[in-house]
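Chemist: Take a look at the letters that make up each chain.
Number of protein chains: 4
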Amino acid sequence: MTQPRAILLVQCPDRPGIVAAISSFLYRHGANILDFDQHTSVDNGGAYFTRLEFQTDRLDLPVEDLERAFALDVARPFGMEWRLTLSSQRKKVAILVSKHDHALLELLWNWDRGDLHADVSTVISNHPDLRESVESFGVPFVHVPNSRDTRAQAEARMLELLEGKADLVVLARYMQIVSPELVARWPNRIINIHHSFLPAFVGADPYRQAYDRGVKIVGATAHYVTAELDAGPIIDQDVGRVSHRDAVDDLKRLGRDLERRVLARAVRWHCEDRVIVNGNKTVVFS
Amino acid sequence: MTQPRAILLVQCPDRPGIVAAISSFLYRHGANILDFDQHTSVDNGGAYFTRLEFQTDRLDLPVEDLERAFALDVARPFGMEWRLTLSSQRKKVAILVSKHDHALLELLWNWDRGDLHADVSTVISNHPDLRESVESFGVPFVHVPNSRDTRAQAEARMLELLEGKADLVVLARYMQIVSPELVARWPNRIINIHHSFLPAFVGADPYRQAYDRGVKIVGATAHYVTAELDAGPIIDQDVGRVSHRDAVDDLKRLGRDLERRVLARAVRWHCEDRVIVNGNKTVVFS
Amino acid sequence: MTQPRAILLVQCPDRPGIVAAISSFLYRHGANILDFDQHTSVDNGGAYFTRLEFQTDRLDLPVEDLERAFALDVARPFGMEWRLTLSSQRKKVAILVSKHDHALLELLWNWDRGDLHADVSTVISNHPDLRESVESFGVPFVHVPNSRDTRAQAEARMLELLEGKADLVVLARYMQIVSPELVARWPNRIINIHHSFLPAFVGADPYRQAYDRGVKIVGATAHYVTAELDAGPIIDQDVGRVSHRDAVDDLKRLGRDLERRVLARAVRWHCEDRVIVNGNKTVVFS
Amino acid sequence: MTQPRAILLVQCPDRPGIVAAISSFLYRHGANILDFDQHTSVDNGGAYFTRLEFQTDRLDLPVEDLERAFALDVARPFGMEWRLTLSSQRKKVAILVSKHDHALLELLWNWDRGDLHADVSTVISNHPDLRESVESFGVPFVHVPNSRDTRAQAEARMLELLEGKADLVVLARYMQIVSPELVARWPNRIINIHHSFLPAFVGADPYRQAYDRGVKIVGATAHYVTAELDAGPIIDQDVGRVSHRDAVDDLKRLGRDLERRVLARAVRWHCEDRVIVNGNKTVVFS
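Protein chains in written order, with numbering that gives the first Met the number 0: chain A, 0 to 285; chain B, 0 to 285; chain C, 0 to 285; chain D, 0 to 285.
For reference, chain A alone in the conformation it holds in the complex (with noise of 0.2 Å):
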């Protein structure tokens, strides 16, 4: 990742001459193809999706020229939603947390050594616990307690905290339901790590509803949050066999693994602009 590069989503509806355009006009630029990925789905009568990466050191022309002539060349005349990235911009991560440590250890691992590219900006908990845990990565943690009578608060002063420090917010096991302000705020940029293998145990203590239908797999998901408890685009999964002998303590130890799993895979992918949202599921692009 040292040569500077950009990556490039791209989604529209399907027909010919998409890749000649978008590539005869790089090609044009200067920007060197490294990685193109598309897909292309029969739902909806045909959509076009791509993800490509591209060299910026010898553009003929700034990023921000490059991007108001793509705007107008290649963008507009087939229809597209696009989004370009240079890979100097880091996106801004906030993670909200309960007291499970778990999911938000391992991304701050990952974060320390350098396998997330993105940067922490902040960790917000209703419960004090894991500020020591927290702060030891030189990370800030805030404190915002969340009770019945203090929600409208609590959620009022958590949009003021995430406002200009979040690209994306993660929800680390974080066990309060988000408020509708805070989903419309980040759209498609809230990713969510539940218990169990979705759409299977929707809602609270999903490895207690496992282990009373007696599966013999248990899962987590990543997804990003909507408005509706759970049905959120789906990201990731993941799973791991079970037995009887598995009390519903084991499932959770297991699962455990499973969320860190799960989701550091889907936030590096989003923060790698390797997702995009397609109605309700999500292209990977991996």
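Just so you know, the hints here were simulated from the structure itself, not pulled from any lab data. Some hints could be false.
[Said to hold, decoys possible] Listed below are the simulated EDC-like cross-link pairs for lysine to aspartate or glutamate, each with C-alpha atoms no more than 16 Å apart in a straight line:
1) Lys251(A) with Asp114(D)
2) Lys90(B) with Asp211(B)
3) Lys98(A) with Glu131(A)
4) Lys90(B) with Asp56(B)
5) Lys251(B) with Glu180(B)
6) Lys280(A) with Asp211(B)
7) Lys90(C) with Asp211(C)
8) Lys90(D) with Asp114(D)
9) Lys98(A) with Asp111(D)
10) Lys251(B) with Asp114(C)
11) Lys91(D) with Asp118(D)
12) Lys280(C) with Asp42(C)
13) Lys90(D) with Glu271(D)
14) Lys251(C) with Asp114(B)
15) Lys91(C) with Asp118(C)
16) Lys90(C) with Asp64(C)
17) Lys280(B) with Asp211(A)
18) Lys251(D) with Asp34(A)
19) Lys98(D) with Asp272(A)
20) Lys280(C) with Asp211(D)
21) Lys98(C) with Asp204(B)
22) Lys280(A) with Asp245(B)
23) Lys280(D) with Asp211(C)
24) Lys91(C) with Asp114(C)
25) Lys280(D) with Asp245(C)
26) Lys98(B) with Asp211(C)
27) Lys98(D) with Asp204(D)
28) Lys280(B) with Glu131(A)
29) Lys91(D) with Asp111(D)
30) Lys90(C) with Glu271(C)
31) Lys280(C) with Asp245(D)
32) Lys164(D) with Asp204(D)
33) Lys90(C) with Glu162(C)
34) Lys90(B) with Asp111(B)
35) Lys91(A) with Asp272(A)
[Said to hold, decoys possible] Partner residues are not named here, just some residues of chain A that face chain B (Cβ under 7 Å, in silico):
36) Ser97
37) Lys98
38) Ala199
39) Lys215
40) Ile216
Just so you know, even glycine gets a beta-carbon here, dropped at the ideal spot from N, CA and C.
Got chain A; can you put chains B, C and D on it based on the hints?
Modeler: Below, chains B, C and D without anything else, positioned relative to chain A:
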């Protein structure tokens, strides 16, 4: 599996002395224990489950007498539900199928090569399509048409056909609801393969449901059939990874592999007396 | 797969402008790109690999002329190795087998239900055992005995039988070394299934080797056959978990499932032109 | 784990009456068996392995006397190797590490949250880098420099440091060969994490080896250390899928997750007395 052996399945309330009672009884009567598996569940105040395999060639009394003695000396004092099966007693298996042949063929092929410790007695279908495939294995095929008007007749015919022919009934992608009479007649002895990761996607067309939800993993579930649709005790499950590139047909193709594998495993385990039903769950000594 | 389409596989030294050149050429000639996958390797000074699927029903010239034009306009300037295949051209597949039927039957089942985009032209075996199974699929079976004394003769006979009958040769548990002539005649077009996780357990009786080493996971590997035993480019691998409870026969039973799955996948990918050989590795656009 | 309990590990030549002898002995002395696992191996003329957990709060004699009685009444007649551990006796674990922190942190984090039934007594490293990380867990860190010239001295120092401090030594990516003295001093009590799927890629830089071979799956292996490099009894392995898109650094990143998971599992199993070494293999009662 060359030596004569027997399998003992036991479940009872947990209390001290069970292992000693069973093993001393067997030792006293000349039965060498080859395999011993147990599980103690904390649910419902503690329950004990065990599966033993022992050699029968040096027993000091006939097996019928051993059973009688076990009932008196061990089972009654401990309040055991139990079942003793000789390795020479192969279970009779009847398979119900519709048009999809993959799960059926997998079972027949496993059986044909001797991997299934059972005898496939008959295949019954509501469609005539798979007659040739089945008969090429030397297994009788019976076509029982099943339309809205003839349902009662068809169900009666099936009960009649299965009577005495089936210690186990396998629904190998049988696309009809089986009658309550049939379920009641073979309690915990009808195995169905559901083409999803239960409890996600109960009901019809689960691959389409999975596609529409945008899951990243699909699954298959083998379970005992109970009165409630897709809600019986789960014997085994397996999963496979999918992506945005996979259309419904791709999920179906991948799913066929999962279904074959899971169903074959569940049927094998049942036929080797490795499964004990515990309420709505299973203990699987695999 | 109902529309007429073509698949283009390309590999060449990496340099700017490749995507633009290919996509513009295709667009100019009326070819709508349906799928576009690329990989840029940093090995050997940078190499570019791509696989494109495009519609051919609106081409402005016959396919032969398109190929000629592509060779001149695009392939030559960029120094490309390339291959264009029409979806209407199904590959001819010959299968070599000995006595184990599992890998063979899996391929024939897949082919029979239309999951394999290819035609199985013939099955050749050094044993007569599987004749009936093969012929029940309507596929010719040829028994070519192969003993120490008749080796040269047998190899000559096989070359003769395969000539014109095979775009791909599949060794579906063929327990003989294939002759150097055969390997040279079908470079990167002979697929073998090795019953271990290569490079562990090269050579004979890998399940026994795995058992003796006490591994906790066993595997299977599909690879192209080269002059060196079990050392050719790997197309796909899969694994399964085992424990101390599993005897060699259990490993074999589990392994059969792995072998079937891995070989079927590798053959399907090859037949859909998804594999490019890059030195001793593969690029698989799956 | 709140009740006082003991774990009994036994291995001996197989013969009738072992289960009865052990379970009757325990029952007679008031020990309620909570968990009972056994394995009978056909290798070497038949060997019997078992692991029992039993409650100790109603024993009719002190544990030392129980041990003495067991030795006389049961172990001697059957020629048993055996070991009895009280749940109150936590093993002392010393960790050796070099510069990579992932495996170390995983162990410390597991230990810190109470998931590891053991006490981490000390961390020793040939580099000073990880001092702060270790000490933040309240665990002593000792830097023992180890160069070609000071090897003998360093090895002597380590033996001295470990003496009395370690029931188990864990090599959590310790990039030095441990001395034969150390191996001899802790037979089957040194666990190493090897960063490949053994026996593939023995020796240095296994991810590079895996990359060069073009495997489609990478793995990690936890094993007991013996005199021969990477050849000791395997406790656990795990794997992950890779593709042509993954560079050596991607394999390393994926591998870190595998290493952490496999090593943590192996250490946990060892500390819970779930592993019996059988020649160059392990029996793992997980």
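Chemist: With a cut-off of 16 Å on the C-alpha distance, tell me whether Lys251(B) and Glu180(B) pass.
Modeler: violated (31 Å)
Chemist: Lys90(C) and Asp211(C) were given as a pair; does the straight-line alpha-carbon distance stay at or below 16 Å?
Modeler: Violated: Lys90(C) and Asp211(C) sit about 41 Å apart, past 16 Å.
Chemist: Regarding the pair Lys251(B) and Asp114(C), is the alpha-carbon distance no greater than 16 Å?
Modeler: holds (11 Å)
Chemist: What's the verdict on Lys90(D) and Glu271(D), does the C-alpha distance respect the 16 Å limit or exceed it?
Modeler: Holds - the C-alpha atoms of Glu271(D) and Lys90(D) are around 9 Å apart, at most 16 Å.
Chemist: Take the C-alpha atoms of Lys251(C) and Asp114(B), compute the straight-line distance between them, and say whether it is at most 16 Å.
Modeler: holds (11 Å)
Chemist: Assess, step by step, whether the Cα of Lys91(D) is no farther than 16 Å from the Cα of Asp111(D), and give holds or violated.
Modeler: Roughly 14 Å separates the two Cα atoms, so the pair holds.
Chemist: Taken at face value, is the distance from the CA of Asp204(D) to the CA of Lys164(D) at most 16 Å?
Modeler: Judged against 16 Å, a Cα distance of about 31 Å means the pair is violated.
Chemist: Can the restraint linking Lys90(D) and Asp114(D) be considered satisfied, given a maximum Cα separation of 16 Å?
Modeler: Cα-Cα ~13 Å, so holds.
Chemist: Does the structure keep Lys280(A) and Asp211(B) at a Cα separation of 16 Å or less?
Modeler: It holds: about 8 Å lies between the C-alpha atoms, which stays within 16 Å.
Chemist: Checking one constraint from the list: CA of Lys280(C) to CA of Asp42(C), max 16 Å. Satisfied?
Modeler: holds (11 Å)
Chemist: Mind checking the CB of Ala199(A) against every CB in chain B and telling me if the closest is under 7 Å?
Modeler: At about 4 Å, which falls below the 7 Å cut-off, the nearest Cβ of chain B leaves the hint on Ala199(A) intact, so it holds.
Chemist: Is Lys90(B) close enough to Asp211(B), meaning Cα to Cα at most 16 Å?
Modeler: violated (41 Å)
In summary, the structure is inconsistent with hints 2, 4, 5, 7, 16, 18, 19, 21, 26, 28, 32, 36 and 37 from the numbered list given earlier, while agreeing with the others.
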